[in-house]
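Asks: Protein chains in written order, with our numbering: chain R, 1 to 763; chain V, 1001 to 1157.
To be clear, the hints were calculated from the coordinates, so they are not data collected in a lab.
Quick reminder that beta carbons are idealized off the backbone N, C-alpha and C, glycines included.
Some hints could be false.
What the hints assert, rightly or not - Which chain R residues face chain V? A few, computed with CB under 7 Å, are given here:
1. 20
2. 184
3. 264
4. 405
Said to hold, decoys possible - Computed footprint of chain R on chain V; a stretch qualifies when at least three of its residues, placed anywhere within it, have a C-beta under 8 Å from a C-beta of chain R:
5. 1076-1082
6. 1104-1110
7. 1117-1129
8. 1145-1152
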Amino acid sequence: MKNENIVIGKSVPKHEAIDKVTGKAIYIADIKLPEMLYAKMVSSPYPHALVKEIDIKKAEKIPGVKAIITAKDIPDKMLYPIHRYTRPYYPLNDHVRCLGDAIAAVAAKTEEIADKAVEQIEVKYEVLPTVSDPEEAMKSDALKLHPDGNISDPGGKPELLEWGDVEKGLKEADFIAEGTFKMPKIIHAAIEPRACIAKWEDEDRLIVWATTQTPFSVRHTLAAYFDIPVNNIIVKVHNLGAGFGGKEDEQYFGIISLLAKKSGRPVKFVYTRDTDSMVRSRWGAVTKAKVGVKKDGTITAIDLEQCYDVGAYGNPDGGSGTTFGAVNAAIYRTESCRIKAYNVNTNMVTAYKLRSVYVPTYRFSVEQLMDMIEEWLGKEPGELRLEKNIKPGEKIMPYGNIMDNHAMDICLKKAKEAAEWSKKWKGWKKPVSIEGAKRRGIGIGFGTGWCDWFREHHQGTIVELYPDGKVILTTGITDIGTGNLTTISQIVAEVLGLPSVENIEVKAPNTLGTEGDMPFDCGTIASRTLFVGGWAAQLAATEVKEKVLKIGATKLQQDPSEFDIYDNVIYSKKDKGKRVHLRDLLTEPIVGSAYPPLPKVIGRAKRYEYYVAPVEVHIAEVEVDIETGETKVVNFVAAHDIGKAINPQIVRNQVCGGVIQGISFALYEELIFDREKNIYVNPDFMDYKIANIGDIPPIEVILIEDAPATFGPFGAKGVGEHPVPPVYGAIANAIYNAVGIRPKETPVTPERMLKWLKEQAQG
Amino acid sequence: MATKFSTYITVKVNGRQHGLEVRNNWTLLKVLREVLGLTGTKCGCDTGDCGACTVIMDGKAVPSCLVLAPQADRKEILTVEGLAEGGKLDPLQEKFVEKGAYQCGFCTPGILMSLKALLSEKPDATQDDVKKALDGNLCRCGAYPRILELFPRGEWQ
């Protein structure tokens, strides 16, 4: 792809930019409807309990209370989110499995009245023991949270992915790098709390204003639950205050829709900060990892044994991600591999996907083990990793899908240059600098992303070109704050020869909602929307362009192939005099629609034949204060192979955002449960620390365009989740360079660091 | 007039005078969003920890969820809706748009107000000043780098 792009490669401001800086942008909690009621939930103060009795008599009598529902007032049906199932759950439970599990809900004229009603609802619980340790919960005699036990996989078996003979591989190794790595539960903590409004228009027509990344999933789940046609439900998103995987298809949409039905009025519900933290979390995970290697650098085995705490209603997707696993653990060429993962239910917050899902468990462990091996082999950090990375054209085990174009080598080279590696790296066990108690170290973390998942779950994109040059782009893609709709508009503009996106109107679940003909898309997840939505838009726009050129060519009595379009003028490339303006050519809009080509699928896990490969290399420079134990990141370089930066500013923002989250996860974040008091110690921003402006280092973002994807929109590859996992490797390896300690647990708090330093001193 | 539960206050918001009966336990945030319908100011936590509700009160940036409504009596409040004058964006807003110093936009109103208060006091604020001023404004999407780049003199140049 050469550089005569019209609008691709430009950092055009997002469509909604002015609305967002003037306060005009609408978020769900801003919406007020006539006759609207406010809802509050009754949730269990115990993580594990049976509800024996609920007495709502006092609450019902409070003036202004319009509806109360409990488990026995609603259909005895479960909610089954169609998209990426969790353990199914009832909207309201009488077997409470976690704090925040709702057992009743109230709708009242004001929030204060609803709060009063909640206080007046009397509940008798039979308190059950709290299951908080996944390794305990796995045992056969553990208290069962679900009828079929606590292991959230079919038949209670672990997820297992293997090829070759790992035992043999480990035996043949000349050196085995190993460790046990622990990562705690963390929360998405988007600044916007989850919220929704439900309004029934008729017996069987429902509108839901929802903070969701997956409006079509919400629509399908509710349609199945209420037994009404899918097209009778419109889900509107407006602007989303970010999601990071935590705002998809949660229980409360069902609860609030039930309240709206019972009261006959629109009902609004907004989570408070501390209750929002109880809705979804990321897994907690223990990973026992081994990498075996021969003296010549051949990797003979990668062996991971994992236990994921997926909480009350979590499932493999909130944990190991099932058979997707190999794609990221074994991006290093190895003779054998075994990934065995248990996804275990506990009475903790339900785990679901959080930006980059399970991949951090691999990067936190395997990147450190590879660094350990590089030291043992006397190589430079990153040297063996670069060599063993699956190269373009190579087959990825175990299904044999083919690695697409990528530039891992250029990422490493450019990252090292920007990080001043040759100046700073003094050698193994030699810190970058020592100044008093402060030790600086530098380290490298690799990553391999993904971006074309669920191509088959995008029903299509429609592009309409009007005689006056206006374009309407209709897409099921939801913008969750990242700017994907702006990027996709740029793709359409490029194809149609438009120098700006000003005249492109976007109809999407954000604006129009999932109305009628809006084509289905499974959601803004898996870093897929640019590639999948952008490709569909490119093809739809191409269809429009071809039609328009044909019409123009016919009018001018020439061969369509010699025509092109720019700024609404169709012109002959051979004879500039032969041109016609769109408005003189068309009387009706030209429509094109397309979905991305369905890939060839191979292997039992439905892997696509070609693996579109966004790759990245991160380099962190850290400073550890050995007196206070505090670790700070002082410099950070993130080199990302993104194929083609359609909107460089948007891509840079995504990378910075993911890096900052990665730093925050690695150093600060942990949702702490007090087993004695049976409560979370830090569900709100006062005590759950996320990185603030003073915690971040300068972050240099390098966008590599040397290896565009061989198919898809203009060679672009997705980026959403990919900045997170490599941060773990980079920071962990930098800490090792600084103080000779390989962190086995996150977050790397001062307390933990001091403990490790003490253990190190004691030998 | 104050009763046991409510108070009558007069408050100037974005240049406009209002006379309002407010419950004593309402916050200024609630008054702005629910009574006056100015939903540009956001609620991220309601406990003063995230900064999304920051407004300028008598020249100072304050978390409006920690200001009780009666405390706003006879005060002058500026919210994000009042930044643009006569349809013309404040230079801060223009820069935010141009440089993409926001992502989902939820924390943006609070950040704009904190920065407006800072610049009113210190027109030549540096990146270090900005770090202090935005210490209580959380952004989960990671707009901090772009925000710092809007200001001179610092490691983000």
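Asks: Against each hint, give a clear statement of whether it holds in the structure.
Replies: Status of the hints after comparison with the structure:
{"no.": "1", "hint": "20", "in the structure": "holds (3 Å)"}
{"no.": "2", "hint": "184", "in the structure": "violated (18 Å)"}
{"no.": "3", "hint": "264", "in the structure": "violated (23 Å)"}
{"no.": "4", "hint": "405", "in the structure": "violated (28 Å)"}
{"no.": "5", "hint": "1076-1082", "in the structure": "holds (count 3)"}
{"no.": "6", "hint": "1104-1110", "in the structure": "holds (count 6)"}
{"no.": "7", "hint": "1117-1129", "in the structure": "violated (count 0)"}
{"no.": "8", "hint": "1145-1152", "in the structure": "holds (count 4)"}
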